[in-house]
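Hey, can you work out the whole structure from these sequences and the hints?
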Amino acid sequence: MVGQSTNLHGLTLTAMARGIASGDITSADLTAQLLRRVSTLGSELNAFISVTEDTAMAAAALADKARGSARRGKLHGLPIVHKDLFCTRGVRTTCGSRMLENFVSPYDATVVERLARAGAITLGKTNMDEFAMGSSNETSYFGPVRNPWNPALSPGGSSGGSAAAVAARIVPAATGTDTGGSIRQPAALTGTVGIKPTYGRVSRYGMVAFASSLDQAGVITRTAEDAALLLGIMAGFDSRDSTSVDHPVPDYVAGLAAPLSGLSIGIVRQHFDAGLDPECAARVREALSVLKSEGAVLTEVDLPHLDLSVPTYYVVAPAECSSNLSRFDGVRFGYRASDPRDLMDLYCRSRGEGFGAEVKRRIMTGTYVLSAGYFDAYYLQAQKVRQLISEDFRKAFAKVDIIAGPTAPTPAFALGAKTDDPITMYLNDIYTIGANLAGLPGISVPCGFAGRLPVGLQLVGAHFAEERLLACAHQYQQLTDWHERKPESCA
Amino acid sequence: MKAGWEVVIGLEIHCQLATRSKIFSGASTAYGATPNVQACLVDLGYPGVLPVLNGEAVRMACLFGLAVNATIATRSVFARKNYFYPDLPKGYQISQYELPIVANGEMMIRGEDGTEKRIGITRAHLEEDAGKSIHEGLGQYTGVDLNRAGTPLLEIVSEPDMRSAAQAVTYLRKIHSIVRYLGISDGNMQEGSFRCDANVSVRPAGQKALGTRTELKNLNSFRFIDKAINFEIARQIGLIEDGGQVVQETRLYDAERDETRPMRSKEEANDYRYFPDPDLLPVEIAPAYVQKLRESLPELPDAKKTRLQSQYGLRPEDAEILIGSRELADYFESLAGTTAAPAPLAANWVIGELSAALNRDNLDIGHGKIGAAELAGLLNRISDRSISGKIAKEVFEAMWAGEGSADQIIRKKGLIQITDSAAIEAIVRAVMDAHPTQIADYRSGKDKLFGFFVGQVMKQSGGRANPEQVNEILKKRLSDAR
Chain A
1 MVGQSTNLHG LTLTAMARGI ASGDITSADL TAQLLRRVST LGSELNAFIS
51 VTEDTAMAAA ALADKARGSA RRGKLHGLPI VHKDLFCTRG VRTTCGSRML
101 ENFVSPYDAT VVERLARAGA ITLGKTNMDE FAMGSSNETS YFGPVRNPWN
151 PALSPGGSSG GSAAAVAARI VPAATGTDTG GSIRQPAALT GTVGIKPTYG
201 RVSRYGMVAF ASSLDQAGVI TRTAEDAALL LGIMAGFDSR DSTSVDHPVP
251 DYVAGLAAPL SGLSIGIVRQ HFDAGLDPEC AARVREALSV LKSEGAVLTE
301 VDLPHLDLSV PTYYVVAPAE CSSNLSRFDG VRFGYRASDP RDLMDLYCRS
351 RGEGFGAEVK RRIMTGTYVL SAGYFDAYYL QAQKVRQLIS EDFRKAFAKV
401 DIIAGPTAPT PAFALGAKTD DPITMYLNDI YTIGANLAGL PGISVPCGFA
451 GRLPVGLQLV GAHFAEERLL ACAHQYQQLT DWHERKPESC A
Chain B
1 MKAGWEVVIG LEIHCQLATR SKIFSGASTA YGATPNVQAC LVDLGYPGVL
51 PVLNGEAVRM ACLFGLAVNA TIATRSVFAR KNYFYPDLPK GYQISQYELP
101 IVANGEMMIR GEDGTEKRIG ITRAHLEEDA GKSIHEGLGQ YTGVDLNRAG
151 TPLLEIVSEP DMRSAAQAVT YLRKIHSIVR YLGISDGNMQ EGSFRCDANV
201 SVRPAGQKAL GTRTELKNLN SFRFIDKAIN FEIARQIGLI EDGGQVVQET
251 RLYDAERDET RPMRSKEEAN DYRYFPDPDL LPVEIAPAYV QKLRESLPEL
301 PDAKKTRLQS QYGLRPEDAE ILIGSRELAD YFESLAGTTA APAPLAANWV
351 IGELSAALNR DNLDIGHGKI GAAELAGLLN RISDRSISGK IAKEVFEAMW
401 AGEGSADQII RKKGLIQITD SAAIEAIVRA VMDAHPTQIA DYRSGKDKLF
451 GFFVGQVMKQ SGGRANPEQV NEILKKRLSD AR
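So the protein lines, in turn, are chains A and B. Using the working numbering, the letters of the first sequence map in sequence onto residues 1 to 491. Using the working numbering, the letters of the second sequence map in sequence onto residues 1 to 482.
In case anyone wonders, no lab produced these hints; they're calculated from the structure. Take the hints with a grain of salt, since some may be wrong.
Each computed DSBU-like pair below joins lysine-lysine, with the alpha-carbon atoms no more than 30 Å apart [stated by the list, open to error]: (1) 459/B <-> 446/B; (2) 360/A <-> 446/B; (3) 393/B <-> 292/B; (4) 413/B <-> 446/B; (5) 476/B <-> 459/B; (6) 360/A <-> 132/B; (7) 475/B <-> 393/B; (8) 384/A <-> 117/B; (9) 393/B <-> 305/B.
Spelled out as structure tokens, the structure:
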């Protein structure tokens, strides 16, 4: 019996599942242990916006009762957390914003629904950049999340609370969303695994929209194996999301066994330009040689328009967000200014007081690029460049199976270091944004340390190549132990 | 219209499609429910919800396109029209902008001089309706009812091809008739399922360049459209003749005062910031789908009119009235197919007595009190000379009042026509005996008195004597006497 005496938080999701299935551990014990970490470590890191202790313990008790049931799902009794932009019935969904500080959704997002149906137990909702707009978690109305590796540093963003919670061994897995790198970059900065699937692979229904053509739900875990387990449940067509794709979902866990030998891996020349921290560059190169030593074939590929991905993204994403966020007008839900003089005052003050600075900056940028007289020069031009970037990837994937490189240009940076300079902040997503613009799947895997800070290796695949990405990441994790290193404070 | 001027009119018609659920959600489209009970989370624009296109709305838009000889786009795109308004839950309306589903159609109308005139249909696109603001009974507040939000609309935009208010009304009536024939809209103008905005401008006759136009809104009946446009034409001409200029603006028609007034002007021009809606995929329509729809098209008004004339020998003006609605024409055809009476007589009864009764009781053809088969029973008695046309009207009223079938009423009231010559002879003799003075006058040449005798005989017979026989016998007896 591992149970009562052992610290269960060190186990992966897969190991926990095994323990529950065999009866070695109970969901109630596991849930209680993790909830204790939520209240201690979780508070220190400011990783949570809401904690659902009572419902979680009740669900765990039910799960233990139903342990023998034939209808047991793959995640039976397993605790997870959700990024706070997945709508959850009965628990507020804030998006890290004052605008939705007290908003309780009347329905569950498809992702939430599918994971719950598989038996997962939600411990709470994680902190995030406001409406997922940010790369450091500092735009949250609820304050920044701290990086478990060094509390003075940012965990990255926007899924910073999810990444910190997983890195600190508070929970084995957390959902996230990725519009320009919001799963992969925080995964890299916290030494966790983060996967952003192909656009359309996972339903967006119930995910509060930031930029609809780029948003995609994924997960942050410590291992590719755990990510495979969760993604297999989350993925698949949803009739409530017209952009979700009706494409069969493979057994990702079974696919993990695929060997590295013969895998063709593209290395992008532009990835190793001056902007990349030398230590990060060294770790990525070392990771590539590990893959090579196992029989992967490294080839150089060219993504000539890579340098245009950030400016393109910062036209497309704000344009869509300026429209998506129009529904927050103080009329039906969310923050409403008190005693408005008239309709215009209601709009201006509800939005002025409800949204933070970064959200306003993007709404204004987006409104500008869609305006008459500027539309062609910005929005239309950005769409053309987006096509070119997609085309670059298409050509590259005609030659290679996977593109590998750094996830982020630097390891975790200090809280406050980039808040005054949005452009520098935006450049943190230089390696991740391309996959969003082209709708491709990408995964970040821990590949070593720069000083005492984790570094991430990013793998990007062709459309619906998640299985291959997960297998490659999993095989790499079989050869390395970076994912087993844990922050000192989180023993 | 004032000489020396030419009027240019284009119409934008908003036609509510008769789908059961909304264009992007599963909520009901039924009219008149308690505010906000027919608005689901998608209609309310809740965080995280997504639109899913109703295929039925696409089918209906395509049917319309085919009916007006338009091109059905193999690929059309939904776009967001961004603006803030309390009845617009998402802060944008999902519409179609650069790539509409229907383009380049046309409609032939009959101009005032009787010639055929082509009205171009620039485009027809799908969009969602907004909700509505409610001001009554809420004091200083404005209420919002989102039941209508998300109702599918087809916006039909014409070329500026109409040259008078009358032409505009003719065109509008024809579109109205077509959408109802197609079964894609109930066309109810009172409930707002069929609304129209008119773009009106004037220019000196012979001038090529268009004058400055105004857009007239709030035109919710055919009569108001005619009046509003005519008012606006006179206003614009008057303005220019007095040395003024027409300002491009939106004007509301006030039916009570019969005038148009500028709408409260917005502080600045609206910039709707249209862009393709990333939540919806482009609508791709296969040629096979269009072909199948084409085969399912019902007979349209123009074709039906031609057929009614040739098949039933109807006069053009009667056929025109009968095709006014598909239901009316169907009623006529059903009647003509059942009764032994000649079709033109059947047409007369539908256009005359039946329509008058429907009008009087404010009923539509589907809810009339006499079905086609029952009316056929009545017409059969006319054609077999059991009753006269005049008696038939009496029977019709009794039928309308629910007193039974034509035969039952004729029997019950003893209305069967007297065709027995001996019986009529007897009445004629009695009348002649009773009016010696008139007979003397008639003999002395007052031929007009013949009508008097006919009237007396009919009166004596309770209206039942066969009028032709009465005429015949009277003539004979009176001339005998002379």
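Satisfaction of hint between residue 446/B and residue 459/B, Cα-Cα up to 30 Å = holds, 21 Å
Given the hint that residue 475/B pairs with residue 393/B, does the C-alpha gap stay at or below 30 Å?
-> Distance ~27 Å between residue 475/B and residue 393/B Cα, so the pair holds.
Do the alpha carbons of residue 393/B and residue 292/B lie within 30 Å of each other, as the hint requires?
-> Violated - the C-alpha atoms of residue 292/B and residue 393/B are around 46 Å apart, more than 30 Å.
Satisfaction of hint between residue 305/B and residue 393/B, Cα-Cα up to 30 Å | Within the cut-off at roughly 27 Å; holds.
Do the alpha carbons of residue 413/B and residue 446/B lie within 30 Å of each other, as the hint requires?
-> violated, 37 Å
Measure nothing beyond the straight line between the CA atoms of residue 476/B and residue 459/B; if it is 30 Å or shorter, mark the hint as holding.
-> It holds: about 19 Å lies between the C-alpha atoms, which stays within 30 Å.
30 Å Cα cutoff - pair residue 384/A, residue 117/B | Judged against 30 Å, a Cα distance of about 44 Å means the pair is violated.
Pair hint outcome, residue 360/A versus residue 132/B [Cα-Cα no greater than 30 Å] | Distance ~29 Å between residue 360/A and residue 132/B Cα, so the pair holds.
Take a quick look at whether residue 360/A and residue 446/B sit within 30 Å of each other, Cα to Cα.
-> violated, 100 Å
In summary, the numbered hints that this structure violates are 2, 3, 4, 8.
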